[in-house]
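> Protein chains in written order, with this note's numbering: chain A, 1 to 193; chain B, 1 to 193; chain C, 1 to 193; chain D, 1 to 193.
These are computed hints drawn from the structure, not numbers from a lab.
Honestly, I wouldn't trust all of these hints.
It does not matter which identical chain is used: a pair holds within one copy or between any two.
Claimed, not checked - As a list, the in silico SDA-like pairs of lysine to any residue whose alpha-carbon atoms are at most 20 Å apart:
| hint | residue 1 | residue 2 |
| --- | --- | --- |
| 1 | K92 | W51 |
| 2 | K138 | T169 |
| 3 | K138 | V164 |
| 4 | K138 | A160 |
| 5 | K92 | L189 |
| 6 | K92 | I132 |
| 7 | K92 | R188 |
| 8 | K138 | L54 |
Number of protein chains: 4
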Amino acid sequence: MTQSSEPSIAVLFHSGYGHTAAVAQHVANGAGAGARLVTIDAEGNLTDEDWQALDAADAIVFGAPTYMGNVSWQFKKVADATSGRWMAGAWKDKIFGGFTNSASPSGDKQVSLIAMQTLASQHGGIWISLGIPPANQKASSHDDLNHLGGSVGAMIRSPADAAVEEIFTGDLATAETYGRRIADFAERLRPAA
Amino acid sequence: MTQSSEPSIAVLFHSGYGHTAAVAQHVANGAGAGARLVTIDAEGNLTDEDWQALDAADAIVFGAPTYMGNVSWQFKKVADATSGRWMAGAWKDKIFGGFTNSASPSGDKQVSLIAMQTLASQHGGIWISLGIPPANQKASSHDDLNHLGGSVGAMIRSPADAAVEEIFTGDLATAETYGRRIADFAERLRPAA
Amino acid sequence: MTQSSEPSIAVLFHSGYGHTAAVAQHVANGAGAGARLVTIDAEGNLTDEDWQALDAADAIVFGAPTYMGNVSWQFKKVADATSGRWMAGAWKDKIFGGFTNSASPSGDKQVSLIAMQTLASQHGGIWISLGIPPANQKASSHDDLNHLGGSVGAMIRSPADAAVEEIFTGDLATAETYGRRIADFAERLRPAA
Amino acid sequence: MTQSSEPSIAVLFHSGYGHTAAVAQHVANGAGAGARLVTIDAEGNLTDEDWQALDAADAIVFGAPTYMGNVSWQFKKVADATSGRWMAGAWKDKIFGGFTNSASPSGDKQVSLIAMQTLASQHGGIWISLGIPPANQKASSHDDLNHLGGSVGAMIRSPADAAVEEIFTGDLATAETYGRRIADFAERLRPAA
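So here's chain A without its partners, still in its complex pose:
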């Protein structure tokens, strides 16, 4: 991998209705010039170019909606498709993070984050936690950073009747801050030129 000016961050996500895509964009915004969106399609597939981007990335940030208490099947299909890379150790020591969106404040999002974190560990990866203190006072609102109080990764809440444009500003800012954090660690962990 050639040493460019910015670490390369792939935001690998599936979005069912556009909310997770919007969050992914904010993670990428935070991650800087080396960030790239890698979009899993409705059938759980990626292009060859997408796979090359994942292979070349210093860090991969997983994103998926939480459906029925776990990552969406399309995200899982991509996870299963990495088994050859797992066998070869191709992603060993890569940096990982993750975020998930669902309609409830909890909505079993944590199980999705555990699944993402376990996937990263299967690949022998390094996991970057959210690193943002929770906003958990009575006066806290969804305009605050990390108002859901996640720690493993970014938890996003989109009420069942909320349009993409209505995603809470606190959630989008959380996503952006987390993207920046992951890029910072990718920078620190890059092999010397």
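Use these hints to put chains B, C and D onto chain A, whose structure you have.
Below, chains B, C and D alone, put in the same frame as chain A:
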């Protein structure tokens, strides 16, 4: 165990600052005349009478605050003290449920519920899920039943600066409804007289 | 649902290479005359008749290989396809259990079981733990019941180079015992005729 | 923190019967000259000097037996006692890893690792996965590295009737290899002198 008119439900809980105790009382209220609070003290201990109540109970509902992403150590100390009963299979087929409280909407409460559910499984138990749909619309509020969107058990949120009297009405109603549900299953699963 | 002589148990599974299918058959054998295999195909789909069998079942036992630290995507696709039933509460109070197979003794199988258990909770279900003590002495072998020491559900180990016929006898017996246990609880929880 | 020749690795562990202590020693051996054992006593306490060692460490490796499907209460008591440091963000960006021991191959060890990983995330830490491929062939034995097939951290199996001297050589070698890996990342992530 003699067959009384009501199934016996033990609400086994630890409370650091009184919030979890208040929730436990509401679970017990919902569970009816056969319910009994079993309070874990600040050193993680129970009395002999408490242990007898747990042994005799048709169902045990676990309750603990989530501290640092897991059940409080006092709750865990009691869990560890059940190892003799585990070895003897003394609690096999008992009915279990659980609830947890922390300051954030998520706050890694799910890990506590997973730990409680695993403890129940170690004992060869039956787990009763929350069974209440989430209130996850834009207009939903913390006065609604299951406004955090838990499913495994009852998730309660007490903001870091909230007094015991300020626990959300939706959370208390959730606890009560869940207590009733567990008692209903305990009734259905009682051995014939 | 008409009250037949045996509770109806649907063993809902996906199998990549035949091992999980063999285990599913043993769960069904244990569950008795009311048991039925419901096979998820390679594209993660079920037939209409399959869905009707699931809807009518007193209990559903989930089965999936653990791939990359979580249930296979095909299993997850079916889980996601239950969202309409989740919304309608159609499976509320149904009985659930689960099993998973992978090549390592651990292999992150527990994450799959947590995902299955959470799916059951999303539907407002009742989870039946394995209920078999672990065989964890020095002299224990894979011919023993529950030699992996699972508790939430049945953990099966098929080494990476093991044919379907080489699945350990202890694992198959564990599956059968667990199937019987789930059928017993389904019987006890059936509504009166 | 003064920049010494080796990164400082604190192996923070509780051991009930000596097995986890033996494993901790091997993690420390692997981690090199900067490693130090920090022993949680039978009442879940540490000395002031222990706390200073944790604060000063580049990396902390958590170790605990899995009792009743979760970390021992003594380990959890220390976790709870870190809440002041959590509030202050004192351990933010620290490196973490973890290992656990129990009598069964699985024995719900994964829940302990999830709990450790979540604790690390609560502190805003970086988690180093095991990074050792599983030995999961028919001919694999407990003399092999990672013969249980863990990924999140090191899983150790000590049969219920095994003395400390009987811990499997594969498990001890796994612990040592993992210690080295964590020290390597601690070295890479150290601030420049």
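> None of the hints should be skipped; say for each whether it holds.
Checked hints:
1. Taking CA atoms no more than 20 Å apart as the test, K92 paired with W51 passes inside one copy only; the shortest distance there is 16 Å, against 32 Å between copies.
2. Taking the shortest alpha-carbon separations for K138 and T169, both the intra-copy value of 18 Å and the inter-copy value of 14 Å come in at or below 20 Å.
3. Taking the shortest Cα distances, K138 and V164 sit within 20 Å of each other only across copies (13 Å), while inside one copy they are farther apart (27 Å).
4. For the identical chains of this complex, K138 and A160 are inter-copy neighbours only, at 7 Å across copies versus 24 Å inside a copy, given an alpha-carbon limit of 20 Å.
5. Proximity of K92 to L189 under the C-alpha cut-off of 20 Å is found in both arrangements, the shortest distances being 13 Å within a copy and 17 Å between copies.
6. Within a single copy, K92 and I132 get their C-alpha atoms only as close as 26 Å, which misses the 20 Å cut-off; across copies the closest is 9 Å, which meets it.
7. Proximity of K92 and R188 under a CA criterion of 20 Å is satisfied in both settings, with 17 Å inside one chain copy and 15 Å between copies.
8. Neither within a single protomer nor between protomers do K138 and L54 lie at most 20 Å apart by alpha-carbon distance, with minima of 41 Å and 33 Å respectively.
Hint violations for this structure: number 8 only, all remaining hints satisfied.
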